[in-house]
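There are 2 protein chains.
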Amino acid sequence: MLSAEEEKLIEKFCRINGIEADRELVFRALCHSSFTNELAQNGERTLESNERMEFLGDAVLELSLAKTLYNEYYLTEGEMSKIRAMVGSEKVLSSVAKTMRIGDFIFLGKGERQTGGAERDSILADAFEAVLAAIFLTGGLGVSVEFVQSKLSDYIERAVEGELILDYKTSLQELTQARFGSRPLYETLLDEGPPQEKWFKVGVFLDGSLMGEGEGRTKKAAEQLAAKHALEILKKSGAKK
Amino acid sequence: MLSAEEEKLIEKFCRINGIEADRELVFRALCHSSFTNELAQNGERTLESNERMEFLGDAVLELSLAKTLYNEYYLTEGEMSKIRAMVGSEKVLSSVAKTMRIGDFIFLGKGERQTGGAERDSILADAFEAVLAAIFLTGGLGVSVEFVQSKLSDYIERAVEGELILDYKTSLQELTQARFGSRPLYETLLDEGPPQEKWFKVGVFLDGSLMGEGEGRTKKAAEQLAAKHALEILKKSGAKK
Numbered sequence: 000m001l002s003a004e005e006e007k008l009i010e011k012f013c014r015i016n017g018i019e020a021d022r023e024l025v026f027r028a029l030c031h032s033s034f035t036n037e038l039a040q041n042g043e044r045t046l047e048s049n050e051r052m053e054f055l056g057d058a059v060l061e062l063s064l065a066k067t068l069y070n071e072y073y074l075t076e077g078e079m080s081k082i083r084a085m086v087g088s089e090k091v092l093s094s095v096a097k098t099m100r101i102g103d104f105i106f107l108g109k110g111e112r113q114t115g116g117a118e119r120d121s122i123l124a125d126a127f128e129a130v131l132a133a134i135f136l137t138g139g140l141g142v143s144v145e146f147v148q149s150k151l152s153d154y155i156e157r158a159v160e161g162e163l164i165l166d167y168k169t170s171l172q173e174l175t176q177a178r179f180g181s182r183p184l185y186e187t188l189l190d191e192g193p194p195q196e197k198w199f200k201v202g203v204f205l206d207g208s209l210m211g212e213g214e215g216r217t218k219k220a221a222e223q224l225a226a227k228h229a230l231e232i233l234k235k236s237g238a239k240k
Numbered sequence: 000m001l002s003a004e005e006e007k008l009i010e011k012f013c014r015i016n017g018i019e020a021d022r023e024l025v026f027r028a029l030c031h032s033s034f035t036n037e038l039a040q041n042g043e044r045t046l047e048s049n050e051r052m053e054f055l056g057d058a059v060l061e062l063s064l065a066k067t068l069y070n071e072y073y074l075t076e077g078e079m080s081k082i083r084a085m086v087g088s089e090k091v092l093s094s095v096a097k098t099m100r101i102g103d104f105i106f107l108g109k110g111e112r113q114t115g116g117a118e119r120d121s122i123l124a125d126a127f128e129a130v131l132a133a134i135f136l137t138g139g140l141g142v143s144v145e146f147v148q149s150k151l152s153d154y155i156e157r158a159v160e161g162e163l164i165l166d167y168k169t170s171l172q173e174l175t176q177a178r179f180g181s182r183p184l185y186e187t188l189l190d191e192g193p194p195q196e197k198w199f200k201v202g203v204f205l206d207g208s209l210m211g212e213g214e215g216r217t218k219k220a221a222e223q224l225a226a227k228h229a230l231e232i233l234k235k236s237g238a239k240k
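Line by line, the protein sequences are chains A and B. Using numbering that gives the first Met the number 0, the letters of the first sequence correspond one by one to residues 0 to 240. Using numbering that gives the first Met the number 0, the letters of the second sequence correspond one by one to residues 0 to 240.
For reference, chain A alone in the conformation it holds in the complex (with noise of 0.2 Å):
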């Protein structure tokens, strides 16, 4: 049971997003684990948090793009799942939970939120999948299908025409800054080939240890590819800690 302040508070962000989805599971959408832990331990209130949901959010998600791309676009298998990896990468799915405010409406303990819980990436883009999943099991996948086009239609357009790259360095430098100090420099390890058919291979370096390499037409790209390389060892060596 919700009570009359929460009520209030999910009928205004279901208000605000346009979501017919039952109240209980918005609410239960945005809850974070931090939040129902919290409960728990002060013996308060046992709520289950949306980590579930998100699981289930996450195949909603991945059905609704696939069956877009499958219907609207006449794309190559390869290309389809390109574009899917892109459309439903944590970075976008972040920038749209932000235009919904879902950092304004989230429930999280007292730590995450004091040191940022509200903003955080990974937060917000797990409860968007949460609130899909709160809309999938209210009104199945019709809705949840008008759902994702409605807040991710745009994305899929630049992605399909090639436009949206993910900017890779900078998440690198955010990542390094944050958890080391330090910033990470790029040196290019090969420029050869004619003008028209120049290759670039190019290394990320932390305080000078190699993290990652990248290869590609620009120098640009290579950088992009290394960085990428690097977020995915980090992100690896982060989750073991």
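Please note: incorrect hints may appear among the correct ones.
No copy is singled out in the list; a pair is fine if it fits within one copy or between any two copies.
[Said to hold, decoys possible] Derived lysine-lysine pairs resembling DSSO-like cross-links, with alpha carbons at most 30 Å apart:
id: 1; residue 1: Lys235; residue 2: Lys197
id: 2; residue 1: Lys197; residue 2: Lys109
id: 3; residue 1: Lys200; residue 2: Lys97
id: 4; residue 1: Lys218; residue 2: Lys7
id: 5; residue 1: Lys168; residue 2: Lys235
id: 6; residue 1: Lys235; residue 2: Lys109
id: 7; residue 1: Lys197; residue 2: Lys227
id: 8; residue 1: Lys168; residue 2: Lys7
id: 9; residue 1: Lys218; residue 2: Lys11
id: 10; residue 1: Lys81; residue 2: Lys200
The set of hints was computed from the structure by calculation and includes no laboratory data.
With chain A fixed as given, assemble chain B onto it according to the hints.
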């Protein structure tokens, strides 16, 4: 347009598997790219292969499994992910495809058929997903979930009960024998801890080179993980060739 013979085959395939779906879509789901490429090269017919449908069917499968796990079992997000990965694996899907006799009905190019394509796990698993897409495009998500449950509920039950352990060691041996003509060897790299808290680290070697490592509470579990890692590396390197 299907020929009378194709029509008859598709009719039979649908009948023995209790599939209600548009016949043209089911036909496309069973058209491997080796077949459509061959027809195009011979200037006979231009058909689309099942690749785009497989992309869609994969997403239908993921959501069907997610919905089933979400609604019918009380599992954590991590448990649901693990079970879905097991049940949606190529090994499981190709087994199901075999019970559906997809290998008897699939359309392959001559070369692919001669080299055993009709028994190849990847081809069969992909065709299963494409058939699921045909069901989805004809009847929607509800029918698709029912179909997935009818084919996979035993595997889901077994996975939930922890019995569905994929045998990576056998898969690795099959792959290395086919590709390099040699068998993987396992060596215990670490064996420590008191009897109640044993911890093993195992390496798997191919022709003297370390291919992967795994750790676990039993030697068997560590070997399976080592084989899994080796498989991932071999599959990646195979994709690049």
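- Item | Hint check, failures only | 2, 3, 4, 8, 9
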